[in-house]
Amino acid sequence: MSIWKYANPAEFMRVSGAALPWVAGLAIALMALGVGWSLFFTPEDYQQGQTVKILFIHVPAAIQAINGYLVMVVASLIGLIRRHHVSFLVAKAAAPIGAGFTLLGLFTGAVWGEPMWGTWWVWDARLTSFLILFFFYLGYMALWAAIDDPEKAADLSAVLCLVGGVFAILSRYAVQFWATLHQGTSISLSGNQKLTPEFLYPLVVMLLAFLLTFLALLIVRTRTEIRLRRARAIRLSTAEM
Amino acid sequence: MGAFSALLKRDLALAIRLGGGGATALAFFTLAVLMIPFGVGAELPVLARIAGGVLWVAALLACLLSLDRVFQADFEDGSLDQLLTSGLPAELTVAAKAIAHWLTTGLPIVVAAPILGLMLAIPEAAIQPLILSLLAGTPALSFIGAVGAALTVGVRRGGLLLSILVLPLYVPTLIFGARVVEAAAASRLARPSCSSPPSPSSPSPSARSPRPGRCG
Numbered sequence: 060m061s062i063w064k065y066a067n068p069a070e071f072m073r074v075s076g077a078a079l080p081w082v083a084g085l086a087i088a089l090m091a092l093g094v095g096w097s098l099f100f101t102p103e104d105y106q107q108g109q110t111v112k113i114l115f116i117h118v119p120a121a122i123q124a125i126n127g128y129l130v131m132v133v134a135s136l137i138g139l140i141r142r143h144h145v146s147f148l149v150a151k152a153a154a155p156i157g158a159g160f161t162l163l164g165l166f167t168g169a170v171w172g173e174p175m176w177g178t179w180w181v182w183d184a185r186l187t188s189f190l191i192l193f194f195f196y197l198g199y200m201a202l203w204a205a206i207d208d209p210e211k212a213a214d215l216s217a218v219l220c221l222v223g224g225v226f227a228i229l230s231r232y233a234v235q236f237w238a239t240l241h242q243g244t245s246i247s248l249s250g251n252q253k254l255t256p257e258f259l260y261p262l263v264v265m266l267l268a269f270l271l272t273f274l275a276l277l278i279v280r281t282r283t284e285i286r287l288r289r290a291r292a293i294r295l296s297t298a299e300m
Numbered sequence: 002m003g004a005f006s007a008l009l010k011r012d013l014a015l016a017i018r019l020g021g022g023g024a025t026a027l028a029f030f031t032l033a034v035l036m037i038p039f040g041v042g043a044e045l046p047v048l049a050r051i052a053g054g055v056l057w058v059a060a061l062l063a064c065l066l067s068l069d070r071v072f073q074a075d076f077e078d079g080s081l082d083q084l085l086t087s088g089l090p091a092e093l094t095v096a097a098k099a100i101a102h103w104l105t106t107g108l109p110i111v112v113a114a115p116i117l118g119l120m121l122a123i124p125e126a127a128i129q130p131l132i133l134s135l136l137a138g139t140p141a142l143s144f145i146g147a148v149g150a151a152l153t154v155g156v157r158r159g160g161l162l163l164s165i166l167v168l169p170l171y172v173p174t175l176i177f178g179a180r181v182v183e184a185a186a187a188s189r190l191a192r193p194s195c196s197s198p199p200s201p202s203s204p205s206p207s208a209r210s211p212r213p214g215r216c217g
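Sequences listed follow chains A and B, in order.
With our numbering as the guide, the letters of the first sequence map in order to residues 60 to 300.
With our numbering as the guide, the letters of the second sequence map in order to residues 2 to 217.
Check before you lean on any hint, since a few could be wrong.
[As the list claims (entries may be wrong)] Label pairs and their in silico Cβ distance ranges:
| id | chain 1 | residue 1 | chain 2 | residue 2 | range |
| --- | --- | --- | --- | --- | --- |
| 1 | B | A4 | A | W179 | 53 to 61 Å |
| 2 | B | P90 | A | W179 | 47 to 55 Å |
| 3 | A | M72 | B | P90 | 37 to 45 Å |
| 4 | A | S61 | B | A14 | 51 to 59 Å |
| 5 | B | I132 | A | A78 | 58 to 66 Å |
| 6 | A | A69 | B | L32 | 21 to 29 Å |
| 7 | B | A43 | A | R291 | 52 to 60 Å |
| 8 | A | W182 | B | A74 | 51 to 59 Å |
| 9 | B | A91 | A | L129 | 47 to 55 Å |
| 10 | B | S80 | A | R291 | 26 to 34 Å |
None of these hints come from the bench; they were simulated from the model.
It should be emphasised that the depicted structure is a prediction, and the values quoted were computed from it without experimental measurement.
From the three backbone atoms N, C-alpha and C, an ideal C-beta is built for every residue, glycine too.
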């Protein structure tokens, strides 16, 4: 008995099928609580007014955007080392979710930036890093889509994910170097100021809600990928007869 | 090393006899730089300001567009399988191919870059850093690109996919390379003479006023 028995697709389907309603239910409940609390029961910021409430979507989305790539790297690593198909499929399933959260983070950032800084976009280190991260996701998904043989696609895109992981970190620091040298930064995104409790608690709820949403979507998508793989195997075996 | 140098010689010979060697990449590089004055106007101060970045981006694109040649032809005619079973470690096979790619694209670009730099009115003090940064950076472009070329070999219409995979990986190289040139060009303007004290420090970043309610 070890943790690796869950790498068996049948076992994974059984356990994830049992866990899914709980994870999804909790995600929905926390999301309802968090959205209600943060949108209707938090005070306006004395400088930012109502727009401060974008924070409650923006920050959790950005954190899940990074989390998505982390999940992909870990799953790809496990897949390459232990040759577990479920791991590859978890990585594949995480990519569109992570890309979606990245896009959500970029979009809410733009919507927030317009009233706050008077511009939709600045070439700030963090914004630029997230845009690059989005393209890492796109490239990964494009490679999966471009290769017909699923075994080969799994191996190659796992390699890309690991190389991309190293370069994503390199890019992050390179972009920081570029932005600090290039523009004398007009805005400060670094949060050295403390959030007051009436902002902090709903934010924590939203962070948890986004994490559980990510997990629920990941489970659903991984299960779909496993079923697609099974359907493909059945199609191939009937075609051979 | 016999097999390694034999492979390198073979790839160079193939590149020179079939693909025009470095000439195609060089022609692309020159044309890409030539487009810039048409696009942004011919004022020399403007061109001098952006010359380093333009040359670096053009070098990067020239490398990128020739990457699909690295493994594709050998994959199609089966010589890649022969190479992998030849006893030469796969790492060295890839290294030989990346070095051949650099010799036929990166090196001609390094040689041509100062001439194009002069046409873009790049400050004289920035020419040596330009050559050095390209000399250090273009091999990195070839080796990083080899990863993308290897991943997309055998993919139909892999060229566009290759660009999407490789361009994000080029970001750090481009940033450091282009910044070297820009810093050299800027320091020449900022430094009045050799005996003067170092330039006044820029205002400290801690002077920025924080915004409330912000942690994203």
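Results of checking the hints against the structure:
1. The given range of 53 to 61 Å is respected by A4 of chain B and W179 of chain A, whose C-beta atoms sit roughly 56 Å from each other.
2. At about 50 Å, the beta-carbon gap between P90 of chain B and W179 of chain A stays in the expected band of 47 to 55 Å.
3. Checked against the given bound of 37 to 45 Å, the beta carbons of M72 of chain A and P90 of chain B, roughly 41 Å apart, stay inside it.
4. Checked against the hint of 51 to 59 Å, the pair S61 of chain A and A14 of chain B passes, with Cβ atoms roughly 54 Å apart.
5. Between I132 of chain B and A78 of chain A the CB atoms are about 59 Å apart, so this pair conforms to the stated range of 58 to 66 Å.
6. At roughly 58 Å, the beta-carbon separation of A69 of chain A and L32 of chain B lies outside the given 21 to 29 Å, and the hint is violated.
7. The hinted range of 52 to 60 Å is satisfied by A43 of chain B and R291 of chain A, whose Cβ atoms lie roughly 58 Å apart.
8. The beta-carbon spacing between W182 of chain A and A74 of chain B, approximately 40 Å, falls outside the hinted interval of 51 to 59 Å.
9. Roughly 29 Å separates the CB atoms of A91 of chain B and L129 of chain A, a value that falls outside the hinted 47 to 55 Å.
10. Remark: the range hint 26 to 34 Å for S80 of chain B to R291 of chain A is upheld by a beta-carbon distance near 32 Å.
Consistency with the previously given hints fails for numbers 6, 8 and 9, ordered from lowest to highest.
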